[in-house]
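Student: Going line by line, the protein sequences match chains H and A. Per my numbering, the first sequence starts with residue 1, numbered consecutively. Per my numbering, the second sequence starts with residue 1, numbered consecutively.
Careful: at least some of the hints might be erroneous.
Listed below are the simulated BS3-like cross-link pairs for lysine-lysine, each with C-alpha atoms no more than 25 Å apart in a straight line [as the list claims (entries may be wrong)]: (1) A:Lys55 to H:Lys52; (2) A:Lys42 to A:Lys66; (3) H:Lys98 to H:Lys3; (4) H:Lys3 to A:Lys41; (5) A:Lys42 to H:Lys98; (6) A:Lys14 to A:Lys64; (7) H:Lys3 to H:Lys52; (8) H:Lys3 to A:Lys14; (9) A:Lys66 to H:Lys98; (10) H:Lys98 to A:Lys55; (11) A:Lys42 to A:Lys55; (12) H:Lys69 to H:Lys98; (13) H:Lys3 to H:Lys69; (14) A:Lys42 to H:Lys3; (15) H:Lys52 to H:Lys98; (16) A:Lys55 to A:Lys14; (17) H:Lys69 to H:Lys52; (18) A:Lys41 to A:Lys66; (19) A:Lys20 to A:Lys42; (20) A:Lys20 to A:Lys66; (21) A:Lys41 to A:Lys55; (22) H:Lys98 to A:Lys14; (23) A:Lys64 to A:Lys20; (24) A:Lys14 to A:Lys66.
Simulated from the structure, these hints should not be mistaken for laboratory data.
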Amino acid sequence: DAKTTQPPSMDCAEGRAANLPCNHSTISGNEYVYWYRQIHSQGPQYIIHGLKNNETNEMASLIITEDRKSSTLILPHATLRDTAVYYCIVSLWGTASKLTFGTGTRLQVTL
Amino acid sequence: GAVVSQHPSRVICKSGTSVKIECRSLDFQATTMFWYRQFPKKSLMLMATSNEGSKATYEQGVEKDKFLINHASLTLSTLTVTSAHPEDSSFYICSARDLVSYEQFFGPGTRLTVL
């Protein structure tokens, strides 16, 4: 699986958009980009995933560059409950998928 | 959303004893489950892939005789830490891959403390 690079930490004011970047320059053509988050002492929570196109759901938006070498997770209106470690993972889909976690970005949302 | 449970949520045991952790998919079936370990302030480390009805596949450096995995049904996988030692103290997390949607859902984790 391709390796990802994320900034170790970021701050965001409550109510503002949080933009979390991820580099995955060695991603292969059939690998998806997944985002999970982990709130302290809990299991990871799925946020969103995509292959080429930008994706949006009720939690977030995922913007993938045209060359697929990087992506950005956008939380449109961050709240204190969004404080967590966010993991960007690249993996195959289906029966070959295996999620390998990197170091992630610790997002701190402040008042 | 799909739910994965783990039992127990927290366990304390004496050095040399064995501990079993259960991972259940409550509202979906999973032919494949995964076991992770997480040390304080560190990321999740994949330990093994558990396949229903067959032997688990262990990641490099993980002792298969120490961490016994059984996946006897489409909704249950167990991890047994044998002859536990203090260095095995960690947060153990399982995940289950839905056999229809292929989405992967995580359990809440089990905190193991070995005295």
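Student: For every hint, state whether the structure bears it out.
Tutor: Cross-check of the supplied hints:
Simply put, Lys55 of chain A and Lys52 of chain H have alpha-carbon atoms about 35 Å apart, too far for the 25 Å limit, and the pair is violated. At most 25 Å may separate the alpha-carbon atoms for a hinted pair to count; Lys42 of chain A and Lys66 of chain A meet this at roughly 22 Å. Between Lys98 of chain H and Lys3 of chain H the CA atoms are separated by roughly 13 Å; this keeps the pair inside 25 Å, and the hint holds. Straight-line distance between C-alpha atoms of Lys3 of chain H and Lys41 of chain A comes to about 20 Å, which keeps the hinted pair within the 25 Å bound.
Distance check on the hinted pair: Lys42 of chain A and Lys98 of chain H sit about 19 Å apart at the alpha-carbon level, within 25 Å; holds. With a C-alpha separation of about 21 Å, the suggested pairing of Lys14 of chain A with Lys64 of chain A holds against the 25 Å cut-off. Restraint check for Lys3 of chain H and Lys52 of chain H: the C-alpha separation of about 17 Å stays at or below 25 Å, so the hint holds. A threshold of 25 Å between alpha carbons decides the hint, and for Lys3 of chain H with Lys14 of chain A the separation of about 38 Å lies outside it, so the pair is violated.
Pair hint Lys66 of chain A plus Lys98 of chain H holds up; C-alpha atoms about 22 Å apart against a cutoff of 25 Å. Distance check on the hinted pair: Lys98 of chain H and Lys55 of chain A sit about 17 Å apart at the alpha-carbon level, within 25 Å; holds. Note on Lys42 of chain A and Lys55 of chain A: the hinted pairing is violated, with a Cα-Cα distance of about 28 Å set against a maximum of 25 Å. In summary, the hint linking Lys69 of chain H to Lys98 of chain H is supported, as the alpha carbons are separated by about 20 Å, within the 25 Å threshold.
At most 25 Å may separate the alpha-carbon atoms for a hinted pair to count; Lys3 of chain H and Lys69 of chain H meet this at roughly 11 Å. Proximity of Lys42 of chain A to Lys3 of chain H is assessed by CA-CA distance (about 17 Å); at most 25 Å being required, the pair is judged to hold. Among the hinted pairs, Lys52 of chain H with Lys98 of chain H is consistent with the structure: their alpha-carbon atoms are about 19 Å apart, no more than 25 Å. Between Lys55 of chain A and Lys14 of chain A the CA atoms are separated by roughly 28 Å; this puts the pair beyond 25 Å, and the hint is violated.
Taking the CA atoms of Lys69 of chain H and Lys52 of chain H, the gap is near 10 Å; set against the 25 Å cutoff, the hint holds. A distance of roughly 24 Å separates the Cα atoms of Lys41 of chain A and Lys66 of chain A; the hinted pair therefore holds under the 25 Å criterion. This hinted pair checks out: Lys20 of chain A and Lys42 of chain A have alpha carbons roughly 23 Å apart, not beyond 25 Å. For the proposed pair Lys20 of chain A and Lys66 of chain A, the alpha carbon gap of about 12 Å is at most 25 Å, so the pair holds.
Taken as a hint, the Lys41 of chain A and Lys55 of chain A pair is broken in the structure, with Cα atoms around 31 Å apart against an allowance of 25 Å. Taking the CA atoms of Lys98 of chain H and Lys14 of chain A, the gap is about 33 Å. The hint is violated against a cut of 25 Å. The suggested pairing of Lys64 of chain A with Lys20 of chain A holds, with an alpha-carbon distance near 14 Å, which does not exceed 25 Å. For the hint pairing Lys14 of chain A with Lys66 of chain A, the CA-to-CA distance comes to about 16 Å; that is within 25 Å, so the pair holds.
The earlier numbered hints that this structure contradicts are 1, 8, 11, 16, 21, 22.
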